[in-house]
Each structure stands twice: as structure tokens, then as C-alpha cells.
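Trainee: Place chains B and C on chain A using the hints.
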Amino acid sequence: MPNENGAQYVLELRNIEKEYSGNRVLNGINLKLKPGEIHALVGENGAGKSTLMNIIFGMPVIQNTGGYKGEILLDGEPIEIKTPNDAINYGIGMVHQEFMLMSGFTITENIKLNREILKDNAISKVLSPLLKTLDIPAMRKDANKALKELGMTVDDWLPVAGLPVGYMQFVEIAREIDKENMKVLVFDEPTAVLAESEAEKLLQAMKGLAAKGISIIFITHRLDEVIAVADNITVLRDGEQVGAMTREEATLEKIAQLMVGRKIERLEKVSSTEKSEETENILSIKNLHVHMPGETIKGVNLDIKKGEIIGIGGLAGQGKVGLANGIMGLFHSTGEVYKDGKLIELNNPRKSIENKLAFVSEDRRGIGLLLDNSIETNIVMTSMQIQDKFLKPLLGIKAFKMMDNKEIREHAEKYIKDLDIRCTGPTQYTRRLSGGNQQKVCIARALTLEPDILFVSEPTRGIDIGAKKLVLDLLVKLNVEHGMTIVMTSSELGELRSVCDRIALIYDGKLQGILKPQDSDIDYGLMMAGKPRTQAKEVI
Amino acid sequence: MKNLWKRSVDRFGHPKVYCTLFLMLLLVTAFFLKQNIIGLIATSFVRIAQNSVLVLAMVPCIISGSGPNFALSIGMICGALAGCISIELDMMGMPAFLTAISLSIPIAVIAGLLYSVLQNRVKGDEMTVGTYMGYSIVSLMCIGWLIIPFKSPEMIWAIGGKGLRNTIALSGRYDKVLDKLGNITFMGNVIPIGTFIFFGICCFLVWLFLKSKTGAAMLAAGDNPKFAAASGINVDKQRTIGTVLSMVLGAIGILVYAQSYGFIQLYTAPLYMPFLAISAILIGGASIKKASIGNVISGVIIFQALLSISLPVINGLLPVGNLSEVIRIIVQNGVILYALTKAGGAE
Amino acid sequence: MNAEIKIENKKNEKLNVLSILSKYSVPLLFTLICIAGAVLSGLTPKHIIGDVILRLDRNLFLVIALIIPVLAGMGLNFAIVIGAIAGQIGLIIIKFMDVGGVPGILLAFALATPFAIVFGFGVGKLLNKTKGREMITSLILGYFANGLYQLVFLLFIGTIIPVNNPEMMLPGGIGLKNAFDLDLIKYSLDNILDFNVMGVKIPAFTFILVALLCVFLQFIVKTKLGQNFRALGQDIHIADVAGINVDRTRVIAMIMSTVLAAWGQIIFLQNIGTIQTYTAHEQAGMFAAAALVIGGATVTKATIGQAIVGTILFHTLFTVSPSAGKNLFGDAQIGEYFRSFIAYGVIAMSLFLHAWQKNVAARNKEKLEQ
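Chains as they are written, first to last, in our numbering: chain A, 1 to 540; chain B, 1 to 347; chain C, 1 to 370.
It is worth saying that the hints were derived from the structure and are not from the lab. Glycine included, every Cβ here is placed at the ideal spot set by N, Cα and C. Treat the hints with caution; some may be incorrect.
To be verified - Between beta-carbon pairs, the in silico distance windows are: (1) C:A332 / B:A169: 19 to 29 Å; (2) A:G435 / C:S22: 43 to 53 Å; (3) B:K290 / A:E413: 22 to 32 Å; (4) C:S22 / A:E77: 57 to 67 Å.
The shape of chain A in the complex, shown without the other chains (with noise of 0.2 Å):
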């Protein structure tokens, strides 16, 4: 249906391109949205969803990176969005992830808030505007308008707080269409936060608001949510668009195989025998619970086998990284961890590594350094404190624990060595370092408690392409030469398949299943996705 301008598209994307930093994340994207139109945008994290989204958004991280490449045409002319203020007056809405939601306000005052109807008094023309005072009828009309469109009856005048989740995301939702003149809006995985029934309302909703004209733009990993809801589908990966199908095209399998597909380039370990079945189990995880928010763990069983490289995978969301944070206790969480048969007690790091398992975190400056302490610090904190390494008594008494700087000295240039940390010396600060060389000393830092197993979260995140490298093939290696057991959780499927024996798929908390490297992308697209073949073999 062509509207006034004789468009047949509200929004239209042409030869979308984006580079951070001579990195390109996005590549010749073209995407075309009807008016009432449902089209959903899929792919793995990092596949360009948001990049494009904060193009349309106009959000400030595009302008301060160099801008983008490509057309935006609304309503067949050609736009600039600079601002997401030039964004929401084009039109264009979004609805986001976390609400944006003041919690001790009431539904209008949020639905209303910064866009209050106000009227003028005698104060306010003298004055300033600013001292307008608020129409609250006519914004609770308002209000009650749009909460009306989505079916929703419920006292405008109550505050947010307290309300159910699925209340919360409705009254963003309705402050989106209280816009004037709103054309397109952008859910980002709304549902990620509902329970069942409420995103069956959601999607409800949805169809309605399309019904109605607005055309909506659905990012989402709930591929069953895909198939029900949208018209066209768009599957990104990498930064290209790799498929564009409607709804009677496209099925789970066909969706799933895309947003995974790639060619796997798989580093040639020396011993990269099979892992005979036989192999004994060095860690048992049984119905594992971990409350990290965000990434909840809600049940897994899992075995890792001795002197495996086993990969952690899944969206992001999913829990693939509340796993390893949970068994070092630094989430709370509940179930049993045996090592060697022995049960480990959760909730304490302490006795995690006392038990000789290693963590590389994922949140390198945040959990993994002290950014104003030396490497050589950094390097043998965690094994002083814990296997009392790194110390001499003070004038022979043994009570007074003193930092022995000699030994800590040679043991750090030893690992500067090693692991070839490009620094000034053992004495510089990690906050000066290349984010490589951080992870490198966070490396270190675990290999200093000689581990039995060493979990390592994200490690090439943040990190160039030649260093990234370097890590994965550190990993190899100590495996390999070491027999260390690896437990590698990564967003990244490619970098799993190149170097796991193994790969575990976490999606919802739970484990999908286990695959091999050499599995076909269809079923890592839909383990990802939590529709396993019910054929699927399980290598467990």
C-alpha cells in the first residue's frame, strides 16, 4: 500500500556500511520496511543487529565513530538521523531491552515523560516556558489512549513501581505510540525478560500496533516468535546480510543454518585425537543453578573430561557465562560440583581455587585486573592470598607473612617470557597495557595457581586479530603440552569450533546438547536458538 509520497516503503536501508576503526562491522546492508510491516532482524551477537539499530536510532556512538556509509530513505525521501532526537521526530521509535521506566512515577507521568502536555499561566509568559504548568487531564487522556490501543486496562494513575513485568514493557511500548506521527518501531528483544504468557500479549500487541500501520522492526533469538509474528525476515551475520526471506520461505532449519554458517578454520592441535568415551570425568556438574544476573544458569548437568578443551556456547543471555562464574563462586549459586569425584562448596572462591581450578574472567578490567597495581602484583596476588606462594617470614617469624619481592620478581619476568607480555618491565601498571596483554597477565595469573582446570571467559574479547591468535593458541598449547583441562566459554561459535574438542550449548539457563566441531551449522543454529533436532546426537 503506497502512502502519500507514492513510496511503497515507510523506511527504506540502502547499502548500509559501518567501520569502527578500519574494522567493519557492517557491510552493504539493505533493508525495506512496508508500512505495517513486521520484519524481523536475526543473527548471533556481534552480527551487526545493534550497530544498525543505533544507525536508525542515530545514537551518538555512530556520529563520534567516523559516521556511517549507505541511505536511509523515509517515505521514499532520503533522511539524515544525527541525534535520536532527529530519530523520534522522524518517527522511530524503540522499545528497549532494560526499561526505561521511573519507577516512582506514575504511568502517565512515564508514558508522558519529557513530551507533558502543558499549558500556559501568567507566571509562565513572563518568565520562562520551563514554568508551564502540566495538563495532567489532558495527559492521562492521552495516556489512557494508548495504553487503550494495547488492550490494557489498568489505573493510569499508579505508580510504575510494583506493577508486573509485562505491565512495565506494555507502558513503554505505549509511550512509543503516544508519539505523534510514530512510523516505525524497534523492539529489541522484548520478550527476553517476559514469561510465556506475557509475550504471547506482547506479540499479540504487536500484530495489533502493525494492523494499525506502525511497521515494526522485531530483534529477537526466539526464532519460534519469528515464524509466528513476521513478514519478512532479515538474517545478518558477520556484518552481511546473508538471507532475506518471508515467512511462507523460511523455516527454523533454513534461519538457523544462516545465522550460524561459516567455514571453520580449526587449528591443527598435535594430539587432536578423538577423546576416547572412556576418559575419566575430572569435573561433574550436577543441576547447577547460578543467579548471575542476566546470564542465569537454571539447571545444568554437565562432564568435563580430563585434558579436554570443552567450549561453552550460546546468545548472549543465555547463561553460557554464569556457568564458569558460578562454579568460582563469585555468583551465587546452588547444585552440587564434584572434582575428581570429591564434592566442591559453591558460593566461596576460595575454596574453588583451593580445589585447583583457575578463572579468566570475561570482564577483564572489571573483575580480572588491578588496573593500578604492577604485573608482577597482578601476576601472584591470587596465589599469595590463597596458597600462601610468594612469602617469607619477617626475621624468622613465621606469624609475620611478608611479600617475598625476589621470588615474586623472577617468577613474574618468567611468565613475561612465556607468554611474551610486550610491557616496560614487571614493575608497570596493567592499566597501561594493550587489552592482549592484559588478558595475558590475567593468563598468568591463573597459570600461577597451577590449575587442574582453567576456565577462561571471552578471552579473545576486545582484543586485535593478531593477539587473538596468539591467546587461542596458548590455550592449544598449554592443553596439549600441559594436559590442562580447558573450559573456554565464548561468544564467538567460530573461535569454539577451531579449537573445542567439545562444544556445550546453553540457551535459557539450560544445556541444549553437546556437539562436535565438525557438526553441521544447522544444528549449532538451532541449539543456539533452543529448537534442537529431536535427531541431534548427543556426544555426551
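Mentor: Only chains B and C this time, still in chain A's reference frame:
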């Protein structure tokens, strides 16, 4: 020239550079006013020694991650109380001083432990809460000083009044026991060698502590609490150790101050004293997150020299009363403000 | 969707007696302390009431000046000391100009206002650099400004600022005297309209001014500006995303607070009738904050009602505690120390509870997000 300026500001921080320049300006002015420079410097030495341990008290607290100890007045009250007890016991000289110190330590440890219970619940807001906690304890102790049943006639009002005096003279007790220990006079001026040695010992002990296993754990807890927790370090415990140490040093510090000054000051005297110590360490180049013994030494030297020299010099220039006190207020609070803006928002 | 019913139920639960008690626990506690103090003091009710009315007249305006920053999420503005300084500058100037009576005080208001606006702007700018640490910054800023104020009036007057008025200046011709009288404007506001009720003087005009201020505040809350303040108080990050100019709104809040404090200090001093040049403003922030908190306000929530109740309670305590201390312990000093302990202690408690709740909430939030 411009380069040198930028380099030194980068290396030492604005407060240190500005205060040093101001200090030099004062010295040059003193020279032109034909004032007794040696005498000025000697007075500075006394003031530096007087305040040294109080400034050192900031180190453990900052390093353990709870920021400058704005409630140091609590430690000072513990020290003053111990000082009074040693007089009540009718002790004299060095034994009196040492008794006061050994009494002050357990009192300060208890106070520090109690205060830590509060402090560990308000992470991120230690400074605001600490300031007013300090204020309230000082005013609560005002009632305490009134009703504590001390009997020594040197300490209670001679006639009529109730409770302890505002200032208790230490002459005949342990006035200048440390200052006069080395007994060195230089051109008629006493150099408080004993106090400097005592300060040196305190610094050495703190330095030694920071090099110990516990010291390292404290450092880690202060630099990155999450890292510390992941390494099996009990962050709250380390913060408690830092605060207790700070309170103990505060108690010892006020006794060192008192012996040098010749009086124990009670009632509202400790109210604003923490600010003095805080600005000294900040001038020395510390921030609200990082401090070292070097910061203490250079900070106390620059700040106290500035204060003691500014008084005669400014009065020599302008016969306006109290101007050096005004300078103190401006420098002291300006430095703290600068450190607060430097630390940026909490988010 | 039947959430209304659930929420309706919740509302009803709130109405039970215990929750009312806990909601008003702070003012109730202090009411009890005040009653006990009043009985112990042996002062006549007439004396107490007269004294409290006098102190309300002096202080209420200053206390109310604290409300806007609390609303805007900036906590207790201890930097109203700087507003008080602006007020004193106005008064000092009219003293130099020797303009008395109602014209004099109006001139003082007019002269103080531009100073207060400039000062408030500066305070706001600085507090924008220290978000999340506003209270400690405003406290230290108050001390710092006090230093600058002393520098100006001790040194610059008579040197850089060429004035000559032996009556006000120190003997050397440089710097202002430590104190001088304000006879020329004493009671000039209070006496515009006042009446006696059973021997207690009621300065009605000043109270009318306070009432006007209250009406003005109520008005502000209902405007766009007020809504912006409230939004900032709720969540500064969301307000920012919603397109509210956070920094500018905070600066406006500080300017308003500073101007009100300047006027409040003028009202305070016209009633006292003398000005302690270098100390009159020092405690303004602390006493006002204590009064507000005693009324049941917190670092994040304050109303006009709390300001009024708090000021009444705090100053009742001020009036009765020396006599009560004397009767109880035989020493008026104890009562005086007790009231300063209350002032500091209640602020410390309020700051502590606020910070504690913030810590607990942060921890709970992590748990909820699972």
C-alpha cells in the same frame, strides 16, 4: 618552560605544584621582609612533626578503598581519652606518654571496629557519612568530657565548673617528651628530632605492613573489590583492618600532636582536624583512591610549612588579623574540592 | 488483566497503624523528646511557644530553601551557606549605603539576588562534575566559600574595594569589624504586620512571605520545571535518555536554592538585629538540614510539611535543652552539647540510612534481575 610546567603538573598534580610555588613565594617574601628565615623553617619543622602521624593515619583507610577518613576525629578522641587517663594515673614524662599510647590503641581498635560496621554498609558514601559521624561523635563526647569522673586537679575546672577543662596543659606531664628527645638545637631553635624519629618508625611499620600478605590483600581490596572477592579476599575484613589502623594512628597522632603542642584539646577541638590531615595527604599527591607514604611525607611538609610560614609573612605584609587562618581555610578546602572533582561522578 | 485489584489491596494495607508509626517515626520520636525536654526545662509554655515562633520566623525560609535540591536528587544542599553569604553581602552593602527600614531591606533583597544567582550557577556547575558525591562536595564547598568570603571582607575591603566607614571597619582601615548592628533594618519585615496573641508576638508579615514561598514551591512542582526536577530525583540516567537537559536542570535547582537561602539569611538577620560578619552564615546549612531531617525528610524526599514540622521540633529542642540540661544534670552546657549532638547525629543517621538503603537496593537489584 611550558613543557616543564606541564610535566611537573602531570607528575605531581596541581595541588602539589601550586602549593610548592606558593610556599616558595612566601619564603622569598620573608627574605625581602628580612624575617628570620631559619626561625621560620625551624617553626615549620615543629609543625610538620606535630601533624605527621595524623596525616599518616589517612594511608591505610585510602588504600583499603574507603577513601580518606573523614571520621578520624573518632580516633583522635580515643587518643585524647587515653592521654587524660595517663594524667589521672598521675604519671610523668616518657612513661606517661607511652602509657597513653598503649592505652589509646585498644580504645581506638574498639572504636574502629564499631565504626567499620557502619562504614561497610555505606560503600561509596563513606565520606559524607563519615564526616557527620565524626561530627556527632565529637559532640556526643562533649557531654562525655563533662561527666567523666576524672579527679586530677590539672584537668578539671579549678572552681565551680563541671567536667574537664577545654585544654589541659601538659607541662610537667609529657610536654614535648618526643620533641626534646634528641635535644638538638640549631641556632637557638629546637629541632624535634625525637618526634621525627617516632614518625619515621610509624612510617616504617606502615610500610612493612603494606608489604605483608595482609597488606597486599588490603591493596587488592582497595584497587578492585571484585578482583579481591574473586581471589578469595574478604573485602569487608580488609576495609575494617584499614579503618582500625587509621583510627589507631589517629589516636597515636593526636598524642604526638599534644606532646608537641603542650596541651590536650578536648570538646570541639577535633571537629575539623580530619580535614587538615586529609588536605595534607592530598597536597602530597594522593587521591581519594590512592595514597602512599611518600604522599604523606611530602604532603605534610608542604602543607604545614605553608601554614606556619604564611602567618608571620602575611602579618609582616599586612597588619590584618587572622589572614593566615583564611589562607588555611581556602587551601585546605580547595584541595579537597579539587580531589573530589578529580574523582569524577560515582556512575 | 486484573492487576488493579492486587494493587488496590496493597494500598489498603498501607493504612494500618504500625506503618503510619514507622512512616512518621522520626518526627514522632522528636516530639516525644521535645515534650520530655519541655517538661524538664521548667519553662512556661508561653515562653516556649514565644521562643519557637521567633525561631520559626528566623529559620523557616532557610529550611525550605533546601527542598528543591532534594527534589532534584542532589541531596541535602549544605552549600546554602553560600546563599547565606550572598544575603549577608546584600546586608553589608545597605549598611554601607545606610539605607534603612523597608526600603533598605528591599534593597538588600535586590542586591543579594544577583550574587546568589552567580554563586548558585557556580555551585551547580561544580556539583555537575561530582555527580553522586553532591553532599560531601557541597559541604566542603561551603567551607571553601567561607574562606573566600573572609578573604574579601578581611583583606579586600579597604584595599581593593575602596570604602571608608570607620563605624564598620577595623581600626586599621582594612577589613570589616567582626560584628555590627543592623538596627536600621531590625524587625523591618516582622513589624510590617504583626499582632500579639496572649503576649506572644506573631510576626505575621514574615509568615506571609513564607506562605507565599510555599505556594510558589507548590506551583513549581506542578510545572514542567518541577517535573524535570522530580524526574532527576527519580533516575538521572533515564531522565537523560528521555532528553531532559540534566546538567542545566541541576544548575537551575542550585540557583533557586541559593537565591532562597540568600533571602532566608536576610530574614534571619533582620530579626536578630546584629550581624556576626564572619560566622553568621557558618551553621546555616547544618541547622537547616538538621531541621528538615527531624521533620521526617530524607536525602531523597522532602516536603514543605516536613520542613515546617522539623523546624518547629528542632527549635523547640533548641529552646528547651539548656534549661532541661541544667535541671537534669545541674549544667546548662550538657543541654547545649546535647542539642548540637542531635543536630549532627540526626543528619549522620539520615545520611547513613540513605547510603545503606542504596547499598541494599543495589544488591537486591542484582538478585531481582536473575
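Trainee: Decide, hint by hint, whether the structure agrees.
Mentor: How the hints compare with the structure:
Evaluation of the 19 to 29 Å hint for A332 of chain C and A169 of chain B yields a pass: the beta carbon distance comes to about 26 Å. The given range of 43 to 53 Å is respected by G435 of chain A and S22 of chain C, whose C-beta atoms sit roughly 51 Å from each other. Take K290 of chain B and E413 of chain A: their Cβ atoms lie about 26 Å apart, and the range 22 to 32 Å holds. Between S22 of chain C and E77 of chain A the C-beta distance comes to about 60 Å, which sits within the given range of 57 to 67 Å.
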